[in-house]
Amino acid sequence: MKELRRAALISATSDRKTILTAATGTDHKDFYAKVKMEVYCEQKERIGEHMDGGKYVCNPKKVKRDCTLVSLGLNNQIGYDKHIFEVTGKRCKILGADKGTQKPETIDAYASMNGGRIFVGKIPDELTILKMMESSGRDEVELLKIDIEGGEHTGLEPLIKDYFVCQILIEIHGTPAEHLRMLQTMAKYGFRLFNIDPNPVCVECCEYSLINELCMAQFGAIPLAITIPAKEE
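For the sequence shown, the positions run 1 to 233 when the UniProt record's numbering is used.
Calculated directly from the structure, the hints in this document are not laboratory data. In this text the structure is predicted, and so the values were computed from the model without any measurement. Ideal placement from N, C-alpha and C gives every residue a C-beta, glycine not left out. Just so you know, not all the hints are guaranteed correct.
[As the list claims (entries may be wrong)] Here are the computed lysine to any residue pairs in the SDA-like style, where the Cα-Cα straight-line distance is at most 25 Å:
1) K231 / A8
2) K93 / D108
3) K161 / K231
4) K188 / Q77
5) K122 / Q77
6) K93 / K34
7) K29 / E49
8) K17 / E232
9) K131 / Y163
10) K34 / V203
11) K64 / G79
12) K188 / M133
13) K62 / E232
14) K2 / K36
15) K90 / Q77
16) K99 / N75
17) K34 / R181
18) K231 / G151
19) K131 / A111
20) K82 / E140
21) K90 / Q102
22) K44 / V201
23) K61 / Y40
24) K61 / G190
25) K103 / G54
26) K64 / K36
[Claimed, not checked] Pair by pair, the computed Cβ-Cβ distance ranges are:
27) K231 / G150: 13 to 23 Å
28) E86 / I10: 36 to 46 Å
29) P158 / R117: 12 to 22 Å
30) K131 / K29: 15 to 25 Å
31) G137 / E232: 20 to 30 Å
Whenever a hint applies, use it, and build me the whole structure from the sequences.
So, in structure tokens, the structure goes:
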């Protein structure tokens, strides 16, 4: 592990420059290949579907008791939601949201998971994550899953600015430059990348998993080096 961290630190400056260059182009695959991990998580687990929709979580069994799980973007496909509820010991509250009303069986399945609740509205135009937290009486998020078809670019920052979040599992949409800006926004609030998983059916979409620096000890994550270049204000 010492050698892995040493190698990451040595190449960090070069890695940041390489990512900046890749972000100016239009080759998504090249950009994804240039993004390097900032954190090592030995107990990394894929939750949910094996193709589109699955997320990589760092050591999910280490969540706090009565934690909050947030899942944005359902479309009546809640394989991730059911799986993460089980893996975390059925001891957390799960909040979901989608732009459309979900089927009765989806709503019932959510309610059966420790009284889980589904919100309806397009994020951030009709529904904000802050409103979800306020109306649920929750003040922290342990695991935040986001797949809201581009809404992440304006919907995420207000939450991580005002609420404590441990892990973000996010699908980012758009150009390489837009991907980088989103990664830089999360980095500004102390989130470090531990997994990247390009979407096999959407070249402009990529799954990223990040962990808050303040949660690394809890989940057994080891910092390597900062490879996402700082965002120019």
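Cross-check of the supplied hints:
no., hint, in the structure
1, K231 / A8, "holds, 20 Å"
2, K93 / D108, "holds, 15 Å"
3, K161 / K231, "holds, 16 Å"
4, K188 / Q77, "violated, 31 Å"
5, K122 / Q77, "holds, 17 Å"
6, K93 / K34, "violated, 36 Å"
7, K29 / E49, "holds, 22 Å"
8, K17 / E232, "holds, 14 Å"
9, K131 / Y163, "holds, 12 Å"
10, K34 / V203, "holds, 15 Å"
11, K64 / G79, "holds, 22 Å"
12, K188 / M133, "holds, 22 Å"
13, K62 / E232, "violated, 35 Å"
14, K2 / K36, "holds, 17 Å"
15, K90 / Q77, "holds, 19 Å"
16, K99 / N75, "holds, 8 Å"
17, K34 / R181, "holds, 15 Å"
18, K231 / G151, "holds, 20 Å"
19, K131 / A111, "holds, 19 Å"
20, K82 / E140, "holds, 20 Å"
21, K90 / Q102, "holds, 22 Å"
22, K44 / V201, "holds, 23 Å"
23, K61 / Y40, "holds, 17 Å"
24, K61 / G190, "holds, 22 Å"
25, K103 / G54, "holds, 21 Å"
26, K64 / K36, "violated, 29 Å"
27, K231 / G150: 13 to 23 Å, "holds, 19 Å"
28, E86 / I10: 36 to 46 Å, "holds, 41 Å"
29, P158 / R117: 12 to 22 Å, "holds, 20 Å"
30, K131 / K29: 15 to 25 Å, "violated, 37 Å"
31, G137 / E232: 20 to 30 Å, "violated, 38 Å"
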